[in-house]
Structures are given as C-alpha cells and as structure tokens.
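A.B. asks: So the sequences go chain by chain: A and B. Residue 250 in the working numbering is what sits at position 135 of the first sequence, and the numbering runs on without skipping anything. Residue 273 in the working numbering is what sits at position 46 of the second sequence, and the numbering runs on without skipping anything.
Derived by calculation from the structure, the hints in this document are not laboratory data. Everything numeric in this text was worked out from a predicted model, so none of it was measured. A couple of the hints might just be wrong.
Stated by the list, open to error - So these bits of chain A aren't anywhere near chain B, every CB distance computed over 12 Å:
id: 1; residue: Asp164
id: 2; residue: Leu166
id: 3; residue: Gly182
id: 4; residue: Arg192
id: 5; residue: His218
id: 6; residue: Ala220
id: 7; residue: Asp266
id: 8; residue: Met291
id: 9; residue: Pro295
id: 10; residue: Arg304
id: 11; residue: Leu339
id: 12; residue: Arg366
id: 13; residue: Gly389
id: 14; residue: Val390
Unchecked claim - Straight-line C-alpha distance at most 20 Å; calculated SDA-like pairs for lysine to any residue:
id: 15; chain 1: A; residue 1: Lys117; chain 2: B; residue 2: His276
id: 16; chain 1: A; residue 1: Lys292; chain 2: A; residue 2: His261
id: 17; chain 1: A; residue 1: Lys292; chain 2: B; residue 2: Ala382
id: 18; chain 1: B; residue 1: Lys264; chain 2: B; residue 2: Glu310
id: 19; chain 1: A; residue 1: Lys117; chain 2: B; residue 2: Glu235
id: 20; chain 1: A; residue 1: Lys117; chain 2: A; residue 2: Met158
id: 21; chain 1: A; residue 1: Lys292; chain 2: A; residue 2: Ser342
id: 22; chain 1: A; residue 1: Lys117; chain 2: A; residue 2: Leu152
id: 23; chain 1: A; residue 1: Lys292; chain 2: A; residue 2: Gly320
id: 24; chain 1: A; residue 1: Lys117; chain 2: B; residue 2: Ala314
id: 25; chain 1: A; residue 1: Lys292; chain 2: B; residue 2: Gln374
id: 26; chain 1: B; residue 1: Lys264; chain 2: B; residue 2: Ala230
id: 27; chain 1: B; residue 1: Lys264; chain 2: A; residue 2: Pro163
id: 28; chain 1: A; residue 1: Lys117; chain 2: A; residue 2: Val180
id: 29; chain 1: A; residue 1: Lys292; chain 2: A; residue 2: Glu204
id: 30; chain 1: A; residue 1: Lys117; chain 2: B; residue 2: Leu267
id: 31; chain 1: A; residue 1: Lys292; chain 2: B; residue 2: His276
id: 32; chain 1: A; residue 1: Lys117; chain 2: B; residue 2: Pro252
id: 33; chain 1: A; residue 1: Lys117; chain 2: B; residue 2: Glu310
id: 34; chain 1: A; residue 1: Lys117; chain 2: B; residue 2: Glu263
id: 35; chain 1: A; residue 1: Lys117; chain 2: B; residue 2: Gly244
id: 36; chain 1: A; residue 1: Lys117; chain 2: B; residue 2: Lys264
id: 37; chain 1: A; residue 1: Lys292; chain 2: B; residue 2: Pro391
id: 38; chain 1: A; residue 1: Lys117; chain 2: B; residue 2: Pro352
id: 39; chain 1: B; residue 1: Lys264; chain 2: B; residue 2: Val278
id: 40; chain 1: A; residue 1: Lys117; chain 2: B; residue 2: Leu255
Every residue gets a Cβ at the ideal spot worked out from N, C-alpha and C, and that includes glycine.
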Amino acid sequence: MKLPPFSYCVPGSLNEALGHLHSPVHTVRVLAGGQSLLPAMNMRLSTPDLLLDINHLPELRGISVQGDRMMIGAMTRHCEIAESTMVAERLPMLRAAARHIAHPAIRSRGTLGGSVVLADPAAEWPACCIDIDATLIAESDLGERHIAAADFFQGMYDTALRSDELLKAVVFPLPMKEEPYFFDEIARRVGDFAMAGIAARATAGSLRAVLFGVADRPVDLSALLPSGGSASDEPGQNRIDETALNHVISRLPEVIQPMESPHCSASLRLHYAGVLLRRAVQALPVCGAQA
Amino acid sequence: MSATPVSEVDIRLVVNGEAVSSRVPVRLNLVDFLREKLQLTGTHVGCEHGVCGACTVLVDRRLVRACLMLAVQANGTVVETIEGASASGRCADLQRAFHEHNALQCGFCTPAMLLTAADLLEREPCPSRDAIREHLSGNYCRCTGYQSIVDAVDAVACARSDEPGGAPR
C-alpha cells in the first residue's frame, strides 16, 4: 500500500526538532532511517500527521572515541557502523552484530538510534547496548538525560524515552583490554528477524550474555551466570563446565517466557536460546570448560 | 528543505547521470517517483514494505529500497537505476551471465538482482557462494530457486578475476 497523507518537515537544528515534538496540533513521528516506520505507515499501523525528518542534523551522526568511551550518534547508519575501523578495533561485537541486521539495502538507511528507540524484541542493537552496558543520551527542552541501557528497554516497542525526548547518541564504555565476544542468531534466512539471538562477552573472568528475540525485550542472563569481577577471584573461577552449563540452560525458563508465533513456537525459541548460550560458552575460552 | 510542515516539496537530484528537478508530494516514495515521473520502469514495485527487494536502486552509491525512501529524501542525491547501470555497461557481464545460466524466468526480480550483485562484486571481487547468497538474501526470486542466480554471479566473479588486473581467487 501507499503511504497515507502526512505533512513533512526537516528541522534545521536539534532545538527546532525538539520544538516540533510537543506540537499541539500534530501527531508527530520522527523519521530516522525509515526502514520500519515507512512500512508501518504503508500498512496503517502508524498514522502520524507530521513526519519530522532528522536526517539532516549532523550533530546526530558519527562515531568518536573519547577516552574510555565510544560515542555513536543516533543517526549513524548500520552500514557506517559495520564499515568503521574504529568500531572493528575497539568494539568488534558491534561490527559482528551489524552483519545480521536485515539486508545490505536496509543497512544503508537504517540507523542505530532508530533501532534502539523502536525496541523491536528481535533487534540486534538493544541486546548489544545491554551487554556492553551502554548509556543512552536523550535530549529534550529540559536538557540531557542519561539512561542506562538496562533500564531503557521496557517491553515490546516500549522504552523509557519520553514523548518530548529525542535519542541523541549511544555511549559504549570501552574495555581496558580486548574482550573476547560472541554474537550469533538463528533465523530461517540470513537477514530475517531472529527467532533467537545472543550477544555475549567474556569480561573480568566471567560471561556476560544477553539473549534477544526470545521475550518482549532483551534478557540479561547475569542472574543465572556465575559472576566475576571481584579482586579476590581466582582466574578461571567462573568457568562454566558442562554440568554448570546444563544447569543454566535448564533454568532459562525462569528468566524467559518466549512468545508463540506462527513460524516459531515458544518451546523452539527456548530451545534455540539454550543452543546459542552453549555456542557462546564454547566460543569464549575464558568461560568454557576446555579453557 | 522545509522547516515548516509541508505536503509538497521541490527536489533536485541526479538520476543516471542526468540532473532532474521536480515538485513532489511528500508521501510519494522514491520508486513511484522513478517509475511514474521519470518513466524509469526498470525498477519494480513488489511488496511496498521493504521485503521483496524488487525496488532496489543505488542512492549515493549505496543500495537502498526505493519503496522505503521518500522521493523528497532523494533531494541532492545521485541515483542509479538499472537503466543507468545497463547503459553504462557496468553490469553487462552480469546480464550476459544471467542469460547464459538461466538466472531469470519472469524477470521481475532481475533488475534489482543485477544491481545487488554488481554492488557485491565491487565491494568484494571474489565472494564465496555463501557470501553471494548472503548479499542477495534481501532479494526474492519466485522462479529460479536462486541456484542459477548464484551460479551466474559466481561465474562473473571468476571471469573478472581471470582478466589482467583481476583479483586473485
């Protein structure tokens, strides 16, 4: 179907964009990459009467490293993250994740911020944000607000962002030294929405893993996994052997209650969650029994 | 562009090497603009929600879904469609290989397949068959079962790498 009628404007500054957000006369939607919003509008799932195109605000774009943090502007496109040498060197998980986002033509337009704010349960960036402990920077007339990724995703297509706020950037803390990571997902075809996915890294001698596509929001497995990080920990103390891994997998239903869908049953999603966790443990030697 | 809400916008862009200017309704998507205003009907409209890939074109040298981009968003860009890629000879060997390998039947997906394959070979001159499949994964073909399309792209990659100065395989 064709797009329904709407008005369109291109704000010349962030302040101007924020001014439109609480328009008394318009239902406003922010147009980022448009790769989910435009199809939703075609199908009349979203019917804004004003589209606020923020594609021409340079302050929302780009990747930079400041000390021990990497800041990525909300309007940075998936392909730019995938191609960035800075990302490849400092946060290779993001590069690995980008490859799984839809198809090349979608990655040319879709943006980090658009994906984060949409909060699709099967999306890659929200899981990476939680796994890496990113901070999301929102801007409104009241100023800047920093929101931890762990608090941001509140359900299916539901986030902590207020209607008067725009997501400005995502800040990822950089590890002191290189951290082994694992990113994978199971889909029927490359680029399809994941039936289950995992973002994981070995940090401070233990495994940090976040599942996605298996619940209404990404699921941090920290509560189930042995935690490290304290100075007294013996190296390798938090390794996960076969018995421990089986135990964690058996407890997955405590933290995820997957949704049923026509192409993937809840029990299959749960099974895939276990498969991916096993792959992550095996791929990250610091966590695995064989290390 | 407009800082106040509007329903029509004047745009200027370059399509297949030619400067174009037009007044477009903001709800017009890029593929309908190309087909109906410019009569460039090689770009096809399939699903109109970004799934089938038939409307794929290049905007500023990147593949995009022309059904998921507004015509107004193409203001100031350089667009290439299959007509441009065909006229320049940029994908002539791919077109020949598609013919020789029976990589098309009805032809509906072919323009977008060719542009997507050409994009892959420019970025990665010697892709594996898996890489070819992955790059074409966003383009549906309901006739061939894909095997012959992968064969055709693979054959072109091999042939190009055999040319003097081609990438080693």
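A.B. asks: If a hint holds in the structure, say so; if it doesn't, say that too.
C.D. replies: These are the hints, each one checked on the structure:
The claim that Asp164(A) is not at the interface with chain B is violated, since a C-beta of that chain comes within 12 Å of its own (minimum 9 Å). Non-interface status of Leu166(A) relative to chain B is broken: a Cβ of that chain comes within 12 Å, the nearest being about 7 Å off. Against chain B, the non-interface label of Gly182(A) holds: every CB pair exceeds 12 Å, the least being about 32 Å. Non-interface call for Arg192(A) relative to chain B: violated, since the shortest CB-CB distance, roughly 9 Å, does not exceed 12 Å.
For His218(A), the shortest C-beta to C-beta distance to chain B comes to about 3 Å, within the 12 Å cut-off, and the non-interface label is violated. Taking the minimum C-beta to C-beta distance to chain B, about 4 Å, the non-interface status of Ala220(A) is violated against the 12 Å cut. Residue placement check: Asp266(A) keeps its beta carbon more than 12 Å from all beta carbons of chain B (closest about 31 Å). For Met291(A), the shortest C-beta to C-beta distance to chain B comes to about 34 Å, beyond the 12 Å cut-off, and the non-interface label holds.
Listed as a non-interface residue, Pro295(A) keeps its Cβ farther than 12 Å from every Cβ of chain B; the least gap is roughly 24 Å. Arg304(A), annotated as away from the interface, has a beta carbon of chain B within 12 Å; the closest lies near 6 Å. Even its closest Cβ contact with chain B, about 33 Å, leaves Leu339(A) beyond 12 Å, as expected for a residue assigned away from the interface. Annotated as non-interface, Arg366(A) keeps its C-beta farther than 12 Å from every C-beta of chain B; the closest such distance is 34 Å.
Non-interface call for Gly389(A) relative to chain B: holds, since the shortest CB-CB distance, roughly 26 Å, exceeds 12 Å. Every C-beta of chain B lies more than 12 Å from that of Val390(A), the closest at about 20 Å, which supports listing it as non-interface. Between Lys117(A) and His276(B) the CA atoms are separated by roughly 9 Å; this keeps the pair inside 20 Å, and the hint holds. At most 20 Å may separate the alpha-carbon atoms for a hinted pair to count; Lys292(A) and His261(A) exceed this at roughly 25 Å.
A C-alpha spacing of about 43 Å is found between Lys292(A) and Ala382(B), which places the hinted pair above 20 Å, so the restraint is violated. Our distance criterion of 20 Å between C-alpha atoms is met by Lys264(B) and Glu310(B), whose separation comes to about 15 Å. Distance check on the hinted pair: Lys117(A) and Glu235(B) sit about 16 Å apart at the alpha-carbon level, within 20 Å; holds. Taking the CA atoms of Lys117(A) and Met158(A), the gap is near 8 Å; set against the 20 Å cutoff, the hint holds.
Between Lys292(A) and Ser342(A) the CA atoms are separated by roughly 19 Å; this keeps the pair inside 20 Å, and the hint holds. Simply put, Lys117(A) and Leu152(A) have alpha-carbon atoms about 13 Å apart, close enough for the 20 Å limit, and the pair holds. Restraint check: the Cα-Cα separation between Lys292(A) and Gly320(A) comes to about 12 Å, which is no more than 20 Å; the hinted pair holds. Distance restraint check for Lys117(A) and Ala314(B): the Cα-Cα separation of roughly 30 Å exceeds the 20 Å cut-off, and the hinted pair is therefore not satisfied.
The hinted pair formed by Lys292(A) and Gln374(B) fails the criterion: a straight-line CA distance of about 44 Å is larger than 20 Å. Between Lys264(B) and Ala230(B) the CA atoms are separated by roughly 25 Å; this puts the pair beyond 20 Å, and the hint is violated. A threshold of 20 Å between alpha carbons decides the hint, and for Lys264(B) with Pro163(A) the separation of about 26 Å lies outside it, so the pair is violated. Taken as a hint, the Lys117(A) and Val180(A) pair is broken in the structure, with Cα atoms around 41 Å apart against an allowance of 20 Å.
For the proposed pair Lys292(A) and Glu204(A), the alpha carbon gap of about 11 Å is at most 20 Å, so the pair holds. The straight-line distance between the Cα atoms of Lys117(A) and Leu267(B) is roughly 19 Å, inside the 20 Å bound, and the hint therefore holds. Simply put, Lys292(A) and His276(B) have alpha-carbon atoms about 43 Å apart, too far for the 20 Å limit, and the pair is violated. In summary, the hint linking Lys117(A) to Pro252(B) is supported, as the alpha carbons are separated by about 12 Å, within the 20 Å threshold.
The straight-line distance between the Cα atoms of Lys117(A) and Glu310(B) is roughly 24 Å, outside the 20 Å bound, and the hint therefore fails. In summary, the hint linking Lys117(A) to Glu263(B) is supported, as the alpha carbons are separated by about 14 Å, within the 20 Å threshold. At roughly 28 Å between alpha-carbon atoms, Lys117(A) and Gly244(B) are farther apart than 20 Å, so this suggested pair is violated. Pair hint Lys117(A) plus Lys264(B) holds up; C-alpha atoms about 16 Å apart against a cutoff of 20 Å.
With a CA separation close to 44 Å, the supplied pair Lys292(A) and Pro391(B) exceeds the 20 Å bound. Restraint check for Lys117(A) and Pro352(B): the C-alpha separation of about 37 Å exceeds 20 Å, so the hint is violated. For the proposed pair Lys264(B) and Val278(B), the alpha carbon gap of about 24 Å is over 20 Å, so the pair is violated. Note on Lys117(A) and Leu255(B): the hinted pairing holds, with a Cα-Cα distance of about 8 Å set against a maximum of 20 Å.
In terms of the numbered hints stated before, the structure departs from hints 1, 2, 4, 5, 6, 10, 16, 17, 24, 25, 26, 27, 28, 31, 33, 35, 37, 38 and 39, listed from lowest to highest.
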